[in-house]
Amino acid sequence: MPGMTSVMDFRRRPTLPGRGRVRDDGSMTITTTAFTGDGRRTGSAPVVSFANVSKTFGTVRAVADLDLRLHPGETVALLGPNGAGKSTTLDLLLGLSRPDAGTVELFGTSPQQAVQDGKVGAMLQSGGLMEEVKVRELVRLACDLHPRAYPVDQVMEAAGITGIADRLVNKLSGGQEQRVRFALATAGENELIVLDEPTTGMDVTARQTFWGTMRRQAEAGRAILFATHYLEEADAIADRVVVLHRGRILADGSAAEIKARAGARRIVFDLDGEIPAEALRGLPHLTSVEVSGRTVRLQSRDADATVHALYGLGLYPRNLEVAGLGLEQAFIAITDAAAAEDAR
Amino acid sequence: MKTLIQLEIARTLRNKKFMFFSVLYPAALYLLVAAGAKDTGKVGDTGLTFPVIYMVSMATFGAITSVLIGNAERIAKEREKGWVRQLRLTALPGRGYVTAKVASAAVVSLPSIVVVFLVAATAKGVRLDAWQWASLVAVIWAGSCVFAALGVAIGYLATGDAVRPIVMVVYFGLSILGGLWMPTAAFPEWLRRIAEYVPTHAYAGLGQAIERGDAPGAKDAAVLVLYLVLFAGAAAWLYRRDTHKN
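Heads up: the protein sequence lines correspond to chains R and G, in order. Number 257 in the working numbering belongs to position 257 of the first sequence; there are no gaps in the numbering. Number 19 in the working numbering belongs to position 19 of the second sequence; there are no gaps in the numbering.
Hints in this document: simulated from the structure, not taken from any laboratory. These numbers come from a predicted model, not from an experiment. Each residue gets a CB set at the ideal place from its N, CA and C atoms; glycine is no exception. Just to be clear, a hint being listed does not mean it is correct.
Distance condition first, Cα-Cα at most 20 Å in a straight line; then the derived PhoX-like pairs of lysine-lysine [claimed, not checked]:
id	chain 1	residue 1	chain 2	residue 2
1	R	Lys171	R	Lys134
2	R	Lys171	G	Lys16
3	R	Lys134	G	Lys42
4	R	Lys171	G	Lys81
5	G	Lys124	G	Lys42
6	G	Lys17	R	Lys171
7	G	Lys16	G	Lys77
Some chain G residues flagged as far from chain R (calculated, every beta-carbon gap over 12 Å) [unchecked claim]:
id	residue
8	Phe18
9	Tyr25
10	Ile69
11	Gly82
12	Leu92
13	Leu110
14	Ala123
15	Gly125
16	Ala158
17	Val169
18	Leu174
19	Ala215
20	Gly217
21	Ala218
My request is simple: use the sequences and hints to build the entire structure.
This is the structure:
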């Protein structure tokens, strides 16, 4: 159940304000603005809806039979290797290109209409900036064009570009340009924010500031969809990860689910005394066993059951550590498997 | 939308190189072309002298040059850089974009017209009534908007490297066919009939009527308005429809 996965997801980073609240009895309530399953349960119009969408360029099917729904308050990462159809998907979503088949809807209307209503803020990789103007002038333009704009100074402050307000746009560094793009995408009150590789060219600090701002947007109930190459960003930021490969969705779930789907979790512990190697190999759900000195490294498809059985053996594991595979490893495993299947 | 118009005008004014050539080039060309013309020689049955005819021709020609080529090339470049894609993700309607582009072009065409007139009056001794000067400036300036809109449309039809040859063909074709370089009186009958409905011909016709001391022709004005609607409509439609990716 999708709602449950987000609960687990939130518990992973309980310090995030406004997302979930742990009650005294240990159960959890989720604030309505940030609840993944909310739209689904109440039947309100999804923010984004792709129904059997296909788009072909020449002989290449960039997007094939894509079905995807985004709901209010969701932060969704779109992952995929180069050429997976991420950019095409975002173009279709924003009405910058039209599908050959199927329908794309935003807030129950056409993407073009939603954009004209100022419901969507977007930061495109391919989005250039107007040249020969100053940063402040450009932000003022974006604010002027937005039907529910924030004050110019506030937008610049949030994007961290107050210091370069009087610089000419065509004299900026790559990272500064990204921040200006971000300011343009957040010039007013949007209900959906679309980001294509938003932190490319930013240094670590800028990246953190950026995602901090994005988090506040998500907490305010905006849906956020971002494509990224940095898997740790998807892991840390997104409630939901959609893995695209050759224009199809390979996986769709929380980062934890995606990792689980790729299989194994890692279990590491030390044992005193003689290592009962045979007994360890008999543990359930294992995919690999490795013993070096007193340290045992296991990989399991169901770490909970494995650890339970481990204690059942009467062993006393010390320094026990259970960790998931990184999202990156999971991602590689999933896309490799799909590529192998395609090759067959 | 007001901010966009202001910005488009501001950045055009900041582009000093573009301004310099656009403003001075028609006047320089006028001096070259009118240099050999006798100040008193009448042209055909118009009853006007060469310096006067060429003054209006060069002012119209210069206005077209700056707005048509300037707009088409700048827009094609902006599309390549992706700025138009970004702009299309705002609530800006297509007509807003076209209006801003036409307005910024008008900022360039006005001084180019005035400079040609100043040069004609000082160097070639052209004398007209005050109302003629005023309405010539007004008509040629207003008419340049038609070609600015055409420039926007071409900027959308053509990409990158293709835009220059395409805009040149359109530009020379319209200039010659419309009789900006030679009077259409020299054309064969069938071509002259076609030329009457060419926007440049109507554009030049408005100016020539004022030179003769007549009121501008209603037919010429109607033809121009029709083309303005057509070009601006096409430009707005192309702006919204554009799917160019680079």
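Hint check results:
{"no.": "1", "hint": "R/Lys171 - R/Lys134", "result": "10 Å, holds"}
{"no.": "2", "hint": "R/Lys171 - G/Lys16", "result": "17 Å, holds"}
{"no.": "3", "hint": "R/Lys134 - G/Lys42", "result": "52 Å, violated"}
{"no.": "4", "hint": "R/Lys171 - G/Lys81", "result": "15 Å, holds"}
{"no.": "5", "hint": "G/Lys124 - G/Lys42", "result": "15 Å, holds"}
{"no.": "6", "hint": "G/Lys17 - R/Lys171", "result": "18 Å, holds"}
{"no.": "7", "hint": "G/Lys16 - G/Lys77", "result": "18 Å, holds"}
{"no.": "8", "hint": "Phe18", "result": "10 Å, violated"}
{"no.": "9", "hint": "Tyr25", "result": "21 Å, holds"}
{"no.": "10", "hint": "Ile69", "result": "18 Å, holds"}
{"no.": "11", "hint": "Gly82", "result": "3 Å, violated"}
{"no.": "12", "hint": "Leu92", "result": "5 Å, violated"}
{"no.": "13", "hint": "Leu110", "result": "20 Å, holds"}
{"no.": "14", "hint": "Ala123", "result": "34 Å, holds"}
{"no.": "15", "hint": "Gly125", "result": "40 Å, holds"}
{"no.": "16", "hint": "Ala158", "result": "18 Å, holds"}
{"no.": "17", "hint": "Val169", "result": "27 Å, holds"}
{"no.": "18", "hint": "Leu174", "result": "28 Å, holds"}
{"no.": "19", "hint": "Ala215", "result": "41 Å, holds"}
{"no.": "20", "hint": "Gly217", "result": "40 Å, holds"}
{"no.": "21", "hint": "Ala218", "result": "38 Å, holds"}
The structure is inconsistent with the numbered hints 3, 8, 11 and 12, although it conforms to all the rest.
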